[in-house]
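K.L.:
Under the UniProt record's numbering, the letters of the sequence shown match residues 1 to 331, in that order.
Fair warning: there could be bad hints in the mix.
[What the hints assert, rightly or not] Result set (SDA-like, lysine to any residue): computed pairs, CA atoms no more than 20 Å apart in a straight line:
#, residue 1, residue 2
1, K319, V267
2, K113, V29
3, K325, S245
4, K247, R225
5, K186, K319
6, K247, E228
7, K113, Y141
8, K110, C59
9, K186, S245
10, K113, L129
11, K186, V29
12, K319, R40
13, K325, R270
14, K110, A62
15, K33, L63
16, K186, S144
17, K33, M1
18, K186, A62
19, K186, D320
Think of the hints as simulated: they come from the structure by calculation, not from any bench.
All values reported here derive from a predicted model rather than from experimental measurement.
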Amino acid sequence: MRILVTGGAGFIGSNFVHHVVRETRHDVVVLDKLTYAGNRENLAGLPEGRVTLEVGDICDAALVDRLVAESDAVVHYAAESHNDNSLNDPSPFIQTNIVGTFVLLEAVRKHGKRFHHVSTDEVYGDLELDDPAKFTETTPYNPSSPYSASKAGSDHLVRAWVRSFGVQATLSNCSNNYGPYQHIEKFIPRQITNLIDGVRPRLYGQGVNVRDWIHTEDHSSAVLRILERGEIGRTYLIGSDGERSNKEIVEILLELFDRPADDYDLVADRPGHDLRYAIDNTALRTELGWEPQFTDIRAGLADTVRWYRDNEAWWRPAKDAVEAKYRAFGQ
Numbered sequence: 001m002r003i004l005v006t007g008g009a010g011f012i013g014s015n016f017v018h019h020v021v022r023e024t025r026h027d028v029v030v031l032d033k034l035t036y037a038g039n040r041e042n043l044a045g046l047p048e049g050r051v052t053l054e055v056g057d058i059c060d061a062a063l064v065d066r067l068v069a070e071s072d073a074v075v076h077y078a079a080e081s082h083n084d085n086s087l088n089d090p091s092p093f094i095q096t097n098i099v100g101t102f103v104l105l106e107a108v109r110k111h112g113k114r115f116h117h118v119s120t121d122e123v124y125g126d127l128e129l130d131d132p133a134k135f136t137e138t139t140p141y142n143p144s145s146p147y148s149a150s151k152a153g154s155d156h157l158v159r160a161w162v163r164s165f166g167v168q169a170t171l172s173n174c175s176n177n178y179g180p181y182q183h184i185e186k187f188i189p190r191q192i193t194n195l196i197d198g199v200r201p202r203l204y205g206q207g208v209n210v211r212d213w214i215h216t217e218d219h220s221s222a223v224l225r226i227l228e229r230g231e232i233g234r235t236y237l238i239g240s241d242g243e244r245s246n247k248e249i250v251e252i253l254l255e256l257f258d259r260p261a262d263d264y265d266l267v268a269d270r271p272g273h274d275l276r277y278a279i280d281n282t283a284l285r286t287e288l289g290w291e292p293q294f295t296d297i298r299a300g301l302a303d304t305v306r307w308y309r310d311n312e313a314w315w316r317p318a319k320d321a322v323e324a325k326y327r328a329f330g331q
């Protein structure tokens, strides 16, 4: 196939492109606006004959129409995704996550193309820390931030286009990703790069918030499996049973850097900070036969630390600006 990957120069999207090139014979066209979170270097080393980068906006209907017409399938990763940024200025999240998804849906409807929509578990809100329940495909939506609300809106658009217009679409809601190429404004790479610089990590509140961490390589393999075998109209939840509190993640990272387990600072909590996310991935495992490979989070984090150590030139230019922004908010 020829797959159009929106946001394919960003963190999760670029890892998917690498996975597709390595594991299949499909060709890939990446559509990416190359905002601060997109980077040409994320696609470095991929064969030019199989991967093409188109710089542009998913809200550009003419460009999207042409690229969709030339493709067999669309995998839609492009999104504004940083919660803190959505609290400071929600407008780009509405434009990209909702309007951009609408533009793509209209193009795949017109040309009759297969569509997979990548979303987040944050659309479900949060769970209590002591609640044994997990998110399922039928959990009611209850988003907490402008980011998760905009992603919830885009999910509803996809389902409506499937039902109303027969668009051949599937959806996935994934837990928090970690791994190579993640922008250093995000939680894990920020802690890693601070530790590389000898700076104490910083935790929101008391660090008790729990996320269901998944290595981005496992996310990529799940999306590919859904694209190739998923039932049209279905939503699949992607997670690897990796529930850990932010405090536990920082303690593992401190251990990897030979630092004391309590060598971190607590900072002001983020407004509306969700307590806990947890994914029930039963349908993905039983119906599509998918299994995560990175089940040891300590080993996955060690691999991620090595990547950031080995690729300082990739993240160093943005470091000062990211830390200055956090300092302005007392974080």
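K.L.:
Taken at face value, is the distance from the CA of L129 to the CA of K113 at most 20 Å?
P.N.:
violated (41 Å)
K.L.:
Measure nothing beyond the straight line between the CA atoms of K186 and S144; if it is 20 Å or shorter, mark the hint as holding.
P.N.:
Answer holds: K186 to S144 is near 18 Å, not above 20 Å.
K.L.:
Taking only the CA atoms, is the gap from K247 to R225 under or equal to 20 Å?
P.N.:
violated (33 Å)
K.L.:
Quickly compare the C-alpha distance for K247 and E228 to 20 Å and report which way the hint goes.
P.N.:
violated (37 Å)
K.L.:
Is it true that the CA of K319 sits at most 20 Å from the CA of R40?
P.N.:
holds (18 Å)
K.L.:
Taking 20 Å as the top limit, are the C-alpha atoms of K186 and S245 close enough?
P.N.:
holds (15 Å)
K.L.:
Can you confirm whether the C-alpha distance between K113 and V29 stays at or below 20 Å?
P.N.:
Holds, at about 15 Å.
K.L.:
Hint check: K325 vs R270, CA-CA at most 20 Å. Holds or violated?
P.N.:
holds (14 Å)
K.L.:
Please verify whether K110 and C59 have alpha carbons no more than 20 Å apart.
P.N.:
Holds, at roughly 16 Å.
K.L.:
Can you confirm whether the C-alpha distance between K33 and M1 stays at or below 20 Å?
P.N.:
At roughly 23 Å apart (the allowed maximum being 20 Å), M1 and K33 break the hint.
K.L.:
Could you grab the alpha-carbon distance between K113 and Y141 and see if it respects the 20 Å cut-off?
P.N.:
violated (27 Å)
K.L.:
K186 and K319: Cα distance at most 20 Å?
P.N.:
holds (12 Å)
Hints 3, 4, 6, 7, 10, 11, 17 and 18 from the list above are not met by this structure, while the remaining hints are.
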